[in-house]
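Q: Chains as they are written, first to last, in the working numbering: chain P, 609 to 900; chain L, -8 to 250.
It cannot be assumed that every hint is accurate.
Partner residues are not named here, just some residues of chain L that face chain P (Cβ under 8 Å, in silico) [said to hold, decoys possible]:
(1) LYS(-6)
(2) TYR2
(3) LEU76
(4) THR81
(5) THR84
(6) ILE88
(7) LEU90
(8) SER96
(9) LEU98
(10) TYR115
(11) MET116
(12) LYS125
(13) ASP129
(14) ARG151
(15) SER153
(16) GLY155
Listed next, the stretches of chain L that the computed footprint assigns to chain P, with coverage defined by at least 3 CB atoms under 8 Å from CB atoms of chain P [stated by the list, open to error]:
(17) 102 to 110
(18) 118 to 124
Think of the hints as simulated: they come from the structure by calculation, not from any bench.
What you are looking at is a predicted structure, and each value in this text was computed from that prediction instead of being measured.
For glycine and all other residues, C-beta sits at the position ideal for the given N, C-alpha and C.
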Amino acid sequence: MDNKDFKTVINSKHRLFNLHLKEAFLYSDLIKLFVRRDFVAKYKQTILGPLWAIIQPLLTTVVFTLIFGSLANGVLGISDIDGILIPSFLFYMSGSVCWGYFSANLSETSSTFIKNRRIMGKVYYPRIATPIASSISNLISFTIQFVLFFIIYLVFLIKGGYDLSFSVNILFIPLIILELMIFSTGLGIIISSLTTKYKDLQMLVGFGLQILQFVSPIAYGLTLVSSKIPNLMWLYNINPITSIITTFRYSVFGTGYFNLAFYLVGWAISLLLFFLGLLLFSRIERNFMDTI
Amino acid sequence: MIKIDNISKEYKLGQIGGTTFQDEVQRFFAKLFKKEDPTRKIGAKKYGKNEKLLALDGVSFEINKGERVGLIGNNGAGKSTLLKLISRITSPTKGEIGLNGRVVSMLEVGTGFHPDLTGRENIYMNGAILGMTKKEIDSKIEDIIEFSEIREFIDTPVKRYSSGMYVKLAFSVVSHLDSEIIIMDEVLAVGDIQFQKKCIEKINSVSEEKNRTVLYVSHNMSTIRQLCNRVIVLDKGKVIFDGNTEEGIKTYENLPKNK
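Isolated chain L, as found in the complex (with noise of 0.2 Å):
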């Protein structure tokens, strides 16, 4: 289903972009004559041609079909470069990511919603930006107005509405979405505990009758649990354990401290 092969994604470190064209080609001129970079500030830490962070270094593995991952971690891990790839924001530097099926990938609670619009008017908004046509949608809007419980603010501009209502709308979208893979960022923080139980409930019941295949990210173990089937962690980029929930978390709970 998801085949990830050696992924490695590299990122510059100091001021990407931050300078003006100007600036890029004094450092042109000066690395073409072999001088000092005049635009370094004085004092401030110069940064190698070779001084890169890996934010992913060789990722490998597979996920099958109708299978639930964690992909838990230290901050800067990984984890959301991973999301990001697999759900092509930005390319890799090295390596292969094969995939099958339709991916929605929910990094963000109501993604592409417009303050102006109505609830209902954000509802084929959202799910179209997910990949969804409005026949799909037209045929679910009930469930998800149901879902949702804000029925009767369905036809309200979303600019009006309490934090809670936006997620509870966003989360009715998303989990009514029809595809191959689901893949979240902490989305289930927010919202209120009943809210958040019955979308676990319901994210784990589409994935065992339509055999959907999830991979969440979450820094809250107890989501992880109720949610999960199998786990990876990473740390500093590279894979460090893959395989059964509990013994993935407590792997990830031994972690030595970042420094």
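Pulled out of the complex, with its shape left as it was, chain P reads as follows (with noise of 0.2 Å):
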């Protein structure tokens, strides 16, 4: 057939990475209705509204605070240094502020195919702009929560007899936040690929960030990690979440724990996964109708 006459066609061969990433440029007003659509829909017929972006992570740093509040500068303390005094309500919300964002992205990310199947079965659209949308509606309860932290974050500079500084480094921010976005997405659509037939990985999903919660330092500070297995402390610094929170409230706080190479490995493992994910999803999602 000769395909100049046509602008689109439709045959059984597979390019190794065909994103329709222009397409997903054409629906974008799409994509904003969905990011608007999870928000508003989030929320419909709640009295308090898109106050609850604000309370979830307000209850948690709390409980955190209440049950290992006087630890935060001792044994569960964020730097090797001795002496250095962080607010501990700060030291777990800026935890607890990440943590929300990747868990949230993730959990809903790896649903893309399961949980769109009857709207995806019925009509075409880049499929990818799912998880766009997905990652942007959590990225706003992100910046509202992140500056409801700034917020108090001020409150305890200016009250002052804590060692913050704020710095430079908090240029960072947008790094790291665009470092959580990669690292959760890339790891939410690997998820969402590999559930189209098996759906056993879904199961895990909510366990495994459980597991990966304790594994990281969200409740607790690098120092006790480092005082209970000094030798395995690169393995625990390799998952990407560690270096992301560290380096968070290294860039808030001005001090703390901070290491490049962490920090780079982090982006490189975030970056990997990413195009992997993107990779497995272009593969997919062409016939995943057939075997879901």
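Bring the two chains, given one by one in their own frames, into a single complex with the hints.
A: Structure, rendered in structure tokens:
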């Protein structure tokens, strides 16, 4: 057949890397609407509305502070150096805000195909639009939480008495958030692609997230780990979540732990997973309706 | 406009994807050592490697711009599979389809409606899923609401709608789409007679005025008669008739019963 006559050609051939990104751009209005729908539908028929985006991490932080509170600067401190004082509330909140984005985005993108199979079985649109929209709508909640965090941070900073220092490191934050987005979305679309045939992984997501939360410095600091398993610190640090959260804390507090090598390893892992995810996704999206 | 060139779609019989990874590994090794499949249930019908269902078997035809084609045939003839391939929901096993222009497929009423969103919000949602930009919907929203006859409920969440209202709203969106190719799968069957009539008139007038191509699947011959100026009859994955509407309907009605 002479393909030159037609703008769209549908066949069984598969190019290794074809995500229809150009098309996804044409559907940018759809992505915007998906984001709006996710956000609006989540808070419909609630009295407090988007306030819930703030309440959840605040409650987690309060619980952390109440349970581990006094330990934040002792055993659970963020730095190896003694005598550094960070408000435990801020310490826990920074961890739970980052973690909140990661876990919400991972669980949403990992069910892309399964949750949307009804729509996807009836109409064509670039499938990648769905995970893109989830990661953006979660970013909105994250931004609200981050602003709240920053306000509380400023209150502590003005009140004084702590070793908080406002520095240019804060410019690092967008880069860390980008890494968080890439890592969670990459992992999410890998899981979503693998679950089109076997749903086992889907069952593991909730459990896996719980385990990952324990092995990441969210409710405790690095000192705890380095004092218990000094020989395995490298393994602990390879987890991108660890470097993301410690670097996040380092950037806002101006003190703490920062290791460029592990930070770069975290980026490498995130990018690798992301591209692997895109590759799998573009492979699966063509025929997943036949097996899901 | 649409050229379908020797399209086939194959489905494997038996339990596909309904097994666990462990079963699949066991099966792989059994095949490697030429043993019997260990995961097969005793007494279950054995589906060999070559037992596949050809939902579509070398289908070819062309549809020109402005034609309104009815696709008819018994259940299992491959009508819906063909529509799915043209609307890019799944890909063909063999062959090629060439298209010019934007395709809007309405394989279901109200695809992408979110129960918690209002009628107005869902018009935007549904329109965007079907490929409209926000600007296009903005310019048509008044016409869509007018056509749907449910203006007073337009700012109510659609989960409170009756099924008739739901259908009317969904159909209004589709009939206002400005795409070159419109694909529909038995969607007019719902809704009351008056509304059905209104819809058919709308599709006909759009198709005639703007030279739109329509591909319509239905078991309702009177709708086919009113809407289509050409009919393609499918049977067991093959095209058995292509041409005049009345003759096509006769061919379909005279088909021998399945088994």
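Q: State for each hint whether it applies.
A: Outcome of the hint check:
Proximity of LYS(-6) of chain L to chain P holds as hinted, the smallest CB-CB distance being about 7 Å (cut-off 8 Å). Annotation: interface hint on TYR2 of chain L holds; nearest CB of chain P at approximately 7 Å, less than 8 Å. For LEU76 of chain L, the shortest C-beta to C-beta distance to chain P is roughly 7 Å, which falls under 8 Å, so the interface hint holds. Annotation: interface hint on THR81 of chain L holds; nearest CB of chain P at approximately 5 Å, less than 8 Å.
With its C-beta approaching chain P no nearer than about 6 Å, THR84 of chain L sits inside the 8 Å limit, and its interface hint holds. Contact between ILE88 of chain L and chain P, as hinted, is supported at the beta carbon level, the nearest pair being about 4 Å apart and thus within 8 Å. Look at LEU90 of chain L: its Cβ gets to within about 4 Å of chain P, closer than 8 Å, so that hint holds up. Taking 8 Å as the C-beta cut-off, the interface hint given for SER96 of chain L holds, the closest approach to chain P being about 6 Å.
This hint holds: LEU98 of chain L has a C-beta 5 Å from the nearest C-beta of chain P, less than the 8 Å allowed. At a threshold of 8 Å, the smallest CB-CB gap from TYR115 of chain L to chain P is about 6 Å, leaving the interface hint in force. The beta carbon of MET116 of chain L is positioned within 8 Å of a beta carbon in chain P (closest approach about 6 Å), and the interface hint is therefore held. Using the Cβ-Cβ criterion of 8 Å, the hint placing LYS125 of chain L at the interface with chain P is satisfied: the shortest such distance is roughly 4 Å.
Violation of the interface hint for ASP129 of chain L is found here, the shortest Cβ-Cβ separation to chain P being roughly 10 Å, above the 8 Å cut-off. Interface restraint check for ARG151 of chain L: the shortest CB-CB distance to chain P comes to about 12 Å, outside 8 Å, so the restraint is violated. The beta carbon of SER153 of chain L is not positioned within 8 Å of any beta carbon in chain P (closest approach about 20 Å), and the interface hint is therefore violated. Among the interface hints, the one on GLY155 of chain L is violated; its C-beta lies about 20 Å from the nearest C-beta in chain P, farther than the 8 Å criterion.
As drawn, the stretch 102 to 110 of chain L meets chain P at 5 residues by the rule of a beta-carbon pair under 8 Å; at three or more, the given contact holds. Chain P is given as covering the stretch 118 to 124 of chain L, and this holds because 6 residues of the stretch bring a CB closer than 8 Å to a CB of that chain, at least three being needed.
Hint compliance for this structure: hints 13, 14, 15, 16 are broken, all remaining hints hold.
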